[in-house]
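Place chain B on chain A using the hints.
There are 2 protein chains.
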Amino acid sequence: MAESMAGLKRSHRCTELGTANIGEKVTVMGWVQKSRNKGGIIFVDLRDRSGILQLIFEEADCGAESFAKAEKLRSEFVIAVTGRVEARSGAVNENLKTGAIEIRADYLRILAESETPPFPIEENSKTKEDLRLKYRYLDLRRPDIQRNLMTRSRVAILTRAFLAEEGFLEIETPTLIKSTPEGARDYLVPSRVHPGSFYALPQSPQLLKQLLMCSGYDRYFQLARCYRDEDLRADRQPEFTQIDMELSFVDVEDVLDVNERLLKKLFKEICNYDLQLPIQRMTWREAMDRFGSDKPDLRFGMELKNVSDVVKDCEFVVFKSALENGGSVRGINAEGQGAMPRKKIDALVEYAKGFGAKGLAYLAIHEDGTYKCSFSKFMKPEELDALVAAMGGKPGDLLLFAADKDKVVFDVLGNLRLEIARQLDLLKKDDFKFLWVTEFPLLEYSEEEDRYVAMHHPFTMPMEEDLPLIDTDPGKVRAKAYDIVLNGTEMGGGSVRIHQADIQEKMFEVLGFTKEKAQEQFGFLLDAFKYGVPPHAGLAYGMDRMVMLMVGADSIRDVIAFPKVKDASCLMMEAPSQVDPKQLEDLSIGVVESDEAEKTEE
Amino acid sequence: MAESMAGLKRSHRCTELGTANIGEKVTVMGWVQKSRNKGGIIFVDLRDRSGILQLIFEEADCGAESFAKAEKLRSEFVIAVTGRVEARSGAVNENLKTGAIEIRADYLRILAESETPPFPIEENSKTKEDLRLKYRYLDLRRPDIQRNLMTRSRVAILTRAFLAEEGFLEIETPTLIKSTPEGARDYLVPSRVHPGSFYALPQSPQLLKQLLMCSGYDRYFQLARCYRDEDLRADRQPEFTQIDMELSFVDVEDVLDVNERLLKKLFKEICNYDLQLPIQRMTWREAMDRFGSDKPDLRFGMELKNVSDVVKDCEFVVFKSALENGGSVRGINAEGQGAMPRKKIDALVEYAKGFGAKGLAYLAIHEDGTYKCSFSKFMKPEELDALVAAMGGKPGDLLLFAADKDKVVFDVLGNLRLEIARQLDLLKKDDFKFLWVTEFPLLEYSEEEDRYVAMHHPFTMPMEEDLPLIDTDPGKVRAKAYDIVLNGTEMGGGSVRIHQADIQEKMFEVLGFTKEKAQEQFGFLLDAFKYGVPPHAGLAYGMDRMVMLMVGADSIRDVIAFPKVKDASCLMMEAPSQVDPKQLEDLSIGVVESDEAEKTEE
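Protein chains in written order, with numbering that gives the first Met the number 0: chain A, 0 to 601; chain B, 0 to 601.
Pulled out of the complex, with its shape left as it was, chain A reads as follows (with noise of 0.2 angstroms):
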């Protein structure tokens, strides 16, 4: 039977009490993680967000009323005691913050009971996710759990702190908008009022910030919520939250030194890691270049060699092959692997094919100097040697080489070396390299749809310097756009923005819009950008993958509280699902059956 706590206060949480309370009677309250009775002393470890406080239950202090509901205790009930804190009598508890005291209690109060839950509530757990999923509220328990939504809610109190304090306004900006289909897939919420019309959920506030911008707020961020309705990855959520930011009056410059010192600030309060300023810089070119990635990992080495030149006079026909068609020829040096096993070896050929490899070359350096090579046989050994020279092999290193097509080889080489990193357990959590990815392209050319698109979106502003090649040459134009990388992973990314209505045109045009096409999707933009606007730029971070960084866990769903599987359901709510035909009614729409959605299609 669950009682109440009328007339009884919490005083502290479990781990608000240490030595320094001794003597001190006090009322705690919380969960039973364990209870155990020994010989006639019952022992409990009581839970809180906070963390575990033992209390002693002896019917000589507590009376037998007490003692004996103490006797009834099993895990996950709730309780609320009342008792002296002691020196602990036993071993003191160096895991446990509380580890020096406990709890003799007078009196206890069983707030709620608790059936077994399905799980036990542990650190680390090793219950399957979806198990944990659909109970949720249980796993939300975890001490590791709790520990990461407590961080995640700091990162959010902090960084709205800091950007108050440089001057940001936070606003908030409307979730239900105007569908534009140009992007990731839209969520859609039917209208009542206006049957046959949609609201689109947003898939960030881009427009509506560039527009803040436009009226003036000079400084915006939010921690927006965005949807795109996109097939999951284990990095990927139905709704996310993004740390949003847009400037005016700026240039690259101030965007990046004012993300710097929120970093900076960041990871030194949530991290106790000292971020040096400036962060890093590199070019897309130069990332693509040395890493074959625009996110590289910093935390190793390893770095990609173009040895094109080297071998261009060889007559290993893939190497030739690839360079005749316009391609590469790129190594990455494995150093002190050059004994990695055939079958570790092969293992990594198919792991590159999976990127789109044909194959992989590759050459051993024993420690005699001798090689084992499996191009060999097509290339003369000076020019092995000129090869290997080139790669800075030494004995004992391992060499592997891609030739295609650029795209690829980075493709190829950028996730062999994280593989391999992987293998060699190079990439520690607690290391944080920070870097900003800067002179993106600002198109790129898609095949499927035989034209420019923008690689980030069509407000991007293109380098000044670049201008003139937009008519000429729209590949080679790069773009005011910058991402921020920590350890590999995109955290954010942004860009200035065109102010200019003769660029923006432009822009449309080699985007292939025609007006008409940009006046429907993006009018009020275009309409507002009539009456005077700033200079402008923005940011914004994945703040679920930022938190991620931060604890150092596997997937954005343990920084999360109620998050969705791939299949975009929630396993606990067991939403989406089925409703009511009134609603549907009311909203003038209707299911289609799938073989009507056929028909449909024919």
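Take the hints with a grain of salt, since some may be wrong.
In silico EDC-like links for lysine to aspartate or glutamate, alpha-carbon gap of 16 angstroms or less [to be verified]:
1. LYS133/A x ASP526/B
2. LYS529/A x GLU114/B
3. LYS371/A x ASP396/A
4. LYS71/B x GLU2/B
5. LYS529/B x GLU114/A
6. LYS319/B x ASP308/B
7. LYS8/B x ASP250/A
8. LYS8/B x ASP256/A
9. LYS133/A x GLU573/A
10. LYS133/B x ASP526/A
11. LYS263/A x GLU165/A
12. LYS529/B x GLU2/A
13. LYS8/A x ASP256/B
14. LYS267/A x ASP430/A
15. LYS393/A x ASP367/A
16. LYS8/A x GLU252/B
17. LYS8/A x ASP250/B
18. LYS529/A x GLU2/B
19. LYS8/A x ASP253/B
20. LYS529/B x GLU112/A
21. LYS404/B x ASP288/B
22. LYS8/B x ASP253/A
23. LYS37/B x GLU58/B
24. LYS516/A x ASP579/B
25. LYS304/A x GLU285/A
26. LYS529/A x GLU112/B
27. LYS8/B x GLU252/A
28. LYS311/A x ASP384/A
29. LYS71/A x GLU2/A
30. LYS516/B x ASP579/A
31. LYS406/B x GLU285/B
Worth flagging that the hints you see were computed from the coordinates, not collected in a lab.
Same frame as chain A, now just chain B:
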């Protein structure tokens, strides 16, 4: 033509400059509020979010090129200017923060030109709201709206800082949740992955925050976006923001205490108002009796008086039949309004009828002590004297009476009292009268559904002493529920929740829920409560309303960046809108034409 700001960096916002800066070289940027050429000297009022600054252009200082540009300046052009701060040569403008200085420009760049706006950008705009909302990006440039949104930002930041300090964790809850048909109408979101299934947007995070308590988070808060698909009123929006909180191991006093301190802090920092604690409390019963309202406006008196006993033996049939039908006769004294012209009294009678009154009895006391009374012929002079005495009537007063069922009498007189106060201009916006209304009825009888419904929600805790009444007289049971009222507006409310399975079961029984129905609708909450739920309680503020009251705005639309109008549409974005048929196909839904919808209903 728009110029870039390459090479320029803003040194100050407009009103960051003052006489202390005289002699300094500065760079300012903003919008041209107005510009005028006075005998070859161009005066420009530059505007940014901080305010206005005067610029002076003379060709001798700024050179021919800049001067030529300055001659072209028109309202809403965006410019960057460098120059030197000087004491103002003309008269000091006392209305401006920067009225004692001006900037003698030596360089001008036009960052963006502007077409002539469709309405002037000015404080307290007289422009029709629909036009302003269509061009909301221009409307948002008005200094009064900018002040409102800046205040809102401060409220958000201060609230979070305070609650974090008090041990609350900010935890985000999902907004794609399960639809529960109880309560207001849900906005639905069709699922693509699960054809025929829908998410709902949350009406509030109620169930999820209770789960967080069950999960041991102890104190939660969130500035939560909430959604209700209801017909809009002046103070309603389809999406709105709640300052939402929940606390474990607490009772009513704890919730009220922390919230009183929050309000004291907010109103001090934002309105410079010293809120005296504790805030006055009044039971729901007393609020109804004295003010005819569960959200009384305490900025003025004019309290209701129950005169049923006084008139119980009179022959006036209106009074008599009301009493015979179990109703009451109550009155208010509009002091000093005895000379109100008949026409105005008639208008009040009409107003009262709008709230269900069949009529309104009045008695005016002339300065000579005689009466003008609408029912004098039905009552003896001594009865009238007794009535006047009971109402505390003095020469020059106007007494107004309603006789009906209590519900009608309260509604009529409660609203009449407000209407008279409005007419007499008694409702000062900078006078803040706070009130806790407590001990709300747990249940109210719904004639429509012929059953009791929860006044707040089914998880509201009854007062312990009223528990025995649940079976015998459910309508009499009071709840541990409380509203915070400011100047007659319900700013927030909450309750202690039921954490005992037996009381919860009883509650569902009274509400006429079968076990199956309760499980279907609230299954995950009821399941969670089986595993040890702490006593908990919470409160939520309507943040839009709170800010509206703080800044003295007339509508919540004036404190929301991009509000929607009465038909739930956004005039600026033109949302909701029709979408691409492919989008609906992806979601397996179709629009049902209205005549089809009618057919379905038959």
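Does the structure break any of the earlier hints, and which numbers would those be?
Of the numbered hints given earlier, the structure breaks none, since each of them holds.
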